[in-house]
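Following the hints, position chain D against chain B.
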Amino acid sequence: MKNRIKEYREKCNLSQGKLADKCSVSRQTINAIENNKYDPSLQLGFDIAKCLGVGMEELFISGNGGKRNG
Amino acid sequence: MDKTQKVIAVLAFLVFLSIAGFSLYKWIRFGTIDAGGIFLSFVALSYFFNWLKWRDHQGGGEKDELDRHIETQSAKIGYYVLMILSGLILFISEGTGNFNEIDNYPLVIVVGLTLVTVPITEFIYAKKFK
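Protein chains in written order, with UniProt numbering: chain B, 1 to 70; chain D, 1 to 130.
Be careful, since some hints might not be right.
Claimed, not checked - Here are the simulated DSS-like pairs of lysine-lysine, each with C-alpha atoms no more than 25 angstroms apart in a straight line:
hint, chain 1, residue 1, chain 2, residue 2
1, D, Lys63, B, Lys18
2, B, Lys22, D, Lys63
3, D, Lys63, D, Lys53
4, B, Lys37, D, Lys76
5, B, Lys2, B, Lys18
6, B, Lys18, B, Lys50
7, D, Lys6, D, Lys53
8, B, Lys2, B, Lys22
9, D, Lys53, B, Lys37
10, D, Lys63, B, Lys50
11, B, Lys18, B, Lys37
12, B, Lys22, D, Lys53
13, D, Lys63, B, Lys37
14, B, Lys18, D, Lys53
15, B, Lys22, B, Lys6
16, B, Lys2, B, Lys50
17, D, Lys63, B, Lys6
Stated by the list, open to error - Looking from chain B toward chain D, a few residues come up when the C-beta cut is under 7 angstroms (computed):
hint, residue
18, Val25
19, Ser26
20, Thr29
21, Ala32
22, Tyr38
23, Ser41
24, Leu44
Keep in mind the hints are simulated off the structure, nothing from the lab. We put the beta carbon where it would ideally sit given N, CA and C, even for glycine.
This is chain B alone, in the form it adopts within the complex (with noise of 0.2 angstroms):
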């Protein structure tokens, strides 16, 4: 599942790190989010997109590519 955390976490000037420790999962675990290579759980999911202050709509994108009808 493709995401946009990296922009939303820029936008709020959070570092990987920062981000992680306010998640409380580690450094590795935001990067390989970041780069699509693990989809975290609802709960991570949400917790990430609490701290960046997003929707979980808005952060994740599904299959489609984020496309959205109409």
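Just chain D, lined up with the frame of chain B:
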């Protein structure tokens, strides 16, 4: 990895090399196979890799979501690797690919068990969700 952690990793690997090397030397020089030495060398190798990945000689410690994912996937892959290795050890040690010529029945049972362990475990574990 800080300096102390690197030193521990190097020491663990040296211990493995020493035990494995000594066992190999005894085998080549005197023709004796030291089961204790073989086992201890595997213990040392396990210590080394656990330390490299988890900074813990038993592979424990605090783990986050990705670590648990790595653990789960590695367990699955490791099971199939073990299945193949046990089959290889059986056929190489017996020097034949024909089951009717094999005398090491305990090892045949171990190889057979690797085939049924996962289906049986899945069957029993699936009952938890019924």
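For each hint, the structure was consulted:
no.	hint	verdict
1	D:Lys63 x B:Lys18	18 angstroms, holds
2	B:Lys22 x D:Lys63	16 angstroms, holds
3	D:Lys63 x D:Lys53	11 angstroms, holds
4	B:Lys37 x D:Lys76	18 angstroms, holds
5	B:Lys2 x B:Lys18	21 angstroms, holds
6	B:Lys18 x B:Lys50	14 angstroms, holds
7	D:Lys6 x D:Lys53	12 angstroms, holds
8	B:Lys2 x B:Lys22	21 angstroms, holds
9	D:Lys53 x B:Lys37	18 angstroms, holds
10	D:Lys63 x B:Lys50	22 angstroms, holds
11	B:Lys18 x B:Lys37	20 angstroms, holds
12	B:Lys22 x D:Lys53	23 angstroms, holds
13	D:Lys63 x B:Lys37	18 angstroms, holds
14	B:Lys18 x D:Lys53	22 angstroms, holds
15	B:Lys22 x B:Lys6	15 angstroms, holds
16	B:Lys2 x B:Lys50	18 angstroms, holds
17	D:Lys63 x B:Lys6	23 angstroms, holds
18	Val25	4 angstroms, holds
19	Ser26	5 angstroms, holds
20	Thr29	4 angstroms, holds
21	Ala32	6 angstroms, holds
22	Tyr38	6 angstroms, holds
23	Ser41	6 angstroms, holds
24	Leu44	5 angstroms, holds
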